[in-house]
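Asks: Line order of the protein sequences matches chains A and B. Residue 0 is where the first sequence starts when you use numbering that gives the first Met the number 0, and the numbers rise one by one after that. Residue 0 is where the second sequence starts when you use numbering that gives the first Met the number 0, and the numbers rise one by one after that.
I should point out that these hints are in silico values taken from the structure, not numbers from a laboratory. Since the structure is predicted, the reported quantities are computational estimates derived from the model, not experimental observations. It is possible that part of the hints are untrue.
[Said to hold, decoys possible] Straight line, CA to CA, 30 Å or less: simulated BS3-like cross-link-like pairs of lysine-lysine:
#  : chain 1 : residue 1 : chain 2 : residue 2
1  : A       : LYS226    : B       : LYS241
2  : A       : LYS222    : B       : LYS241
3  : A       : LYS171    : B       : LYS241
4  : A       : LYS107    : A       : LYS122
5  : B       : LYS170    : A       : LYS4
6  : A       : LYS109    : A       : LYS84
7  : B       : LYS48     : A       : LYS234
8  : B       : LYS4      : A       : LYS241
9  : B       : LYS211    : B       : LYS136
10 : A       : LYS241    : B       : LYS58
11 : B       : LYS147    : B       : LYS51
12 : B       : LYS48     : A       : LYS226
13 : A       : LYS226    : B       : LYS173
14 : B       : LYS129    : B       : LYS173
15 : A       : LYS222    : B       : LYS48
16 : B       : LYS241    : B       : LYS211
17 : B       : LYS136    : A       : LYS4
18 : B       : LYS173    : B       : LYS234
19 : A       : LYS170    : B       : LYS241
20 : B       : LYS48     : A       : LYS241
21 : A       : LYS223    : B       : LYS234
22 : B       : LYS241    : A       : LYS48
23 : B       : LYS51     : A       : LYS226
24 : B       : LYS173    : A       : LYS29
25 : B       : LYS117    : B       : LYS51
26 : B       : LYS29     : A       : LYS48
27 : A       : LYS175    : B       : LYS241
28 : A       : LYS173    : B       : LYS4
29 : A       : LYS118    : A       : LYS136
30 : A       : LYS107    : B       : LYS170
31 : B       : LYS211    : B       : LYS117
32 : A       : LYS122    : A       : LYS58
33 : A       : LYS241    : B       : LYS29
34 : B       : LYS129    : A       : LYS234
35 : A       : LYS234    : B       : LYS223
36 : A       : LYS54     : B       : LYS234
37 : B       : LYS51     : B       : LYS136
38 : A       : LYS241    : B       : LYS241
Protein chains: 2
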Amino acid sequence: MNIPKSHPRYLSLQTREKLVNGFVNNLVAKEGLLAHGRGEAFDYLIGEKTTKSAKNAIKAAAYMLNQAQNSVISVNGNFAALCPKEIIQLAKTTNSKIEVNLFYSSEKRKKAISKILKKSGAKQVLGMDKKQSAKLKGIDSARRIVDKNGIFSADVVLVPLEDGDRTIALKKAKKKVITFDLNPLSRTAQTADVTIVDNVTRSMKLLVSESKKSGRKVTFDNKKNLKSSILEIRKNLERRAKNA
Amino acid sequence: MNIPKSHPRYLSLQTREKLVNGFVNNLVAKEGLLAHGRGEAFDYLIGEKTTKSAKNAIKAAAYMLNQAQNSVISVNGNFAALCPKEIIQLAKTTNSKIEVNLFYSSEKRKKAISKILKKSGAKQVLGMDKKQSAKLKGIDSARRIVDKNGIFSADVVLVPLEDGDRTIALKKAKKKVITFDLNPLSRTAQTADVTIVDNVTRSMKLLVSESKKSGRKVTFDNKKNLKSSILEIRKNLERRAKNA
Chain A
0 MNIPKSHPRY LSLQTREKLV NGFVNNLVAK EGLLAHGRGE AFDYLIGEKT TKSAKNAIKA
60 AAYMLNQAQN SVISVNGNFA ALCPKEIIQL AKTTNSKIEV NLFYSSEKRK KAISKILKKS
120 GAKQVLGMDK KQSAKLKGID SARRIVDKNG IFSADVVLVP LEDGDRTIAL KKAKKKVITF
180 DLNPLSRTAQ TADVTIVDNV TRSMKLLVSE SKKSGRKVTF DNKKNLKSSI LEIRKNLERR
240 AKNA
Chain B
0 MNIPKSHPRY LSLQTREKLV NGFVNNLVAK EGLLAHGRGE AFDYLIGEKT TKSAKNAIKA
60 AAYMLNQAQN SVISVNGNFA ALCPKEIIQL AKTTNSKIEV NLFYSSEKRK KAISKILKKS
120 GAKQVLGMDK KQSAKLKGID SARRIVDKNG IFSADVVLVP LEDGDRTIAL KKAKKKVITF
180 DLNPLSRTAQ TADVTIVDNV TRSMKLLVSE SKKSGRKVTF DNKKNLKSSI LEIRKNLERR
240 AKNA
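All chains, please: the whole structure from these sequences, using the hints.
Replies: Okay, structure coming up:
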């Protein structure tokens with residue numbers, strides 16, 4: 000079905016097609032399509048634009064990545080399907096490693112994701128060699144596997160669209176966690192050190208350009224910033240309800 | 000992957016697995032998985048429970064179905080995957096016909112949906128015979144096909160999770176429209192006569208039991224009720240933001 004450019008939600012529908020293509024190409028899990036749908040709903044509620052609070056979080060994230068000793072960008076299927084180029088660019092500008100780390104583990108998907116990352120310019124992709132695997136504590140067996148040279152030894156981890164239990168396990172392992180989560184109320188959003196409440200297709204571009212700047216110290220309070228995000232949604236609902 | 004029962008969103012994740020199974024069994028389209036994800040987000044925002052305004056809408060829907068001369072329950076893949084038994088029960092208690100009607104049309108999916116409905120006890124499933132097809136006006140060709148003996152000649156149509164353009168076409172054809180839509184701001188929600196802002200896995204059960212009651216006349220204002228739904232979401236956001 001062709002979506003006309005005049006459609007009020009054209010960009011969102013285009014992004015959805017990227018995910019569906021990612022699914023057809025074995026990058027994205029069935030559950031990843033569902034997760035994207037949830038994201039679409041929250042994106043709709045924030046007005047499908049990068050909000051002021053998201054911009055604040057992006058600045059804090061860029062500073063944190065630039066200050067890190069050993070930062071890792073964790074990549075899942077949705078992230079790889081939506082913005083592979085920006086992942087590589089961010090890894091370069093912040094000197095971060097890239098690790099494929101899946102919630103719904105699958106060797107086939109891992110390989111497909113690694114392939115697209117390499118095609119987009121990644122030199123090394125961690126998380127692919129079972130001999131290098133290590134286990135996070137405080138989380139059930141299927142979901143605790145990480146790379147010894149990647150997330151396991153990182154001081155700063157950027158995780159996209161992450162599960163709450165896993166974010167908590169990363170925090171217990173004393174990592175600084177940066178996340179993209181369109182739901183400001185999720186456990187991941189509430190647990191991370193920096194939560195970017197935005198669609199990665201918009202904010203990864205901004206994060207790349209922000210990370211290129213020299214970077215003065217940023218004061219940032221994630222809880223406070225999340226409250227602003229929630230307020231932005233409430234205001235949006237109010238406005239839409241009036242126009243309904 | 001086994002979701003532990005202790006997971007705070009266990010029920011929601013179980014429901015998601017029903018959708019994913021429906022996808023594996025050809026009932027559900029890829030886009031249906033995305034649509035369910037959007038629904039999950041709104042369900043989360045209403046607190047994953049049947050709200051007071053949803054209960055009002057369910058009463059109004061039961062009354063409308065019982066008063067109808069010729070009511071039809073329109074079934075898509077998601078609806079069939081989530082609550083096939085309740086669809087059959089509701090058809091029996093309200094003397095409604097059942098029609099398979101898909102947004103992303105596919106003969107294969109139609110057959111799979113008809114099969115599960117018959118397995119769940121449906122005697123007749125409309126929408127399967129091309130010779131009986133008719134066209135709704137005011138909508139593009141791919142999406143206007145309905146059954147002559149079903150939606151085309153119905154006075155009341157219950158549509159789950161419907162597209163905005165199609166709901167408008169049904170209204171132009173002078174049908175009364177009852178819908179399930181977890182987004183109270185959607186065009187479908189705003190266009191229908193009765194909008195049940197609830198998860199079908201909860202509200203179909205309630206609608207079945209409500210339709211068995213003798214049914215006094217219900218006064219119901221959909222726009223006003225939708226404003227209550229939006230208010231419930233705003234209050235929920237406020238409460239959660241406080242507890243966050």
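Asks: Would the pair LYS234 (chain A) and LYS223 (chain B) pass a check requiring their Cα atoms to be no farther apart than 30 Å?
Replies: 19 Å, holds
Asks: So if I understand the rule, the pair passes when the alpha-carbon distance is 30 Å or less; does LYS173 (chain A) with LYS4 (chain B) pass?
Replies: The hint holds at about 27 Å.
Asks: Does LYS173 (chain B) lie within 30 Å of LYS226 (chain A) when you go C-alpha to C-alpha?
Replies: Violated, at roughly 45 Å.
Asks: Hey, LYS241 (chain A) versus LYS29 (chain B), does the alpha-carbon distance stay inside 30 Å?
Replies: 33 Å, violated
Asks: Just to be careful, I want the Cα atoms of LYS241 (chain A) and LYS58 (chain B) compared with a cutoff of 30 Å; is the pair within it?
Replies: OK: LYS241 (chain A) and LYS58 (chain B) at ~26 Å, within 30 Å.
Asks: Are the Cα positions of LYS51 (chain B) and LYS226 (chain A) separated by 30 Å at most?
Replies: 27 Å, holds
Asks: What's the verdict on LYS241 (chain B) and LYS211 (chain B), does the C-alpha distance respect the 30 Å limit or exceed it?
Replies: 41 Å, violated
Asks: Is the Cα-Cα distance between LYS222 (chain A) and LYS48 (chain B) 30 Å or less?
Replies: At roughly 27 Å apart (the allowed maximum being 30 Å), LYS48 (chain B) and LYS222 (chain A) satisfy the hint.
Asks: With the threshold set at 30 Å, check whether the alpha-carbon distance from LYS222 (chain A) to LYS241 (chain B) stays at or below it.
Replies: Holds - the C-alpha atoms of LYS241 (chain B) and LYS222 (chain A) are around 11 Å apart, at most 30 Å.
Asks: Does LYS173 (chain B) pair with LYS29 (chain A) here, judged by a C-alpha cut-off of 30 Å?
Replies: The hint is violated at about 38 Å.
Asks: Hint check: LYS170 (chain B) vs LYS4 (chain A), CA-CA at most 30 Å. Holds or violated?
Replies: Roughly 26 Å separates the two Cα atoms, so the pair holds.
Asks: When you check the alpha-carbon spacing of LYS48 (chain B) and LYS234 (chain A), does it fall within 30 Å?
Replies: Measuring from Cα to Cα gives roughly 23 Å; hence the hint holds.
Of the numbered hints stated above, those contradicted by the structure are hints 8, 9, 11, 13, 16, 18, 24, 25, 29, 30, 33, 34, 37, listed in ascending order.
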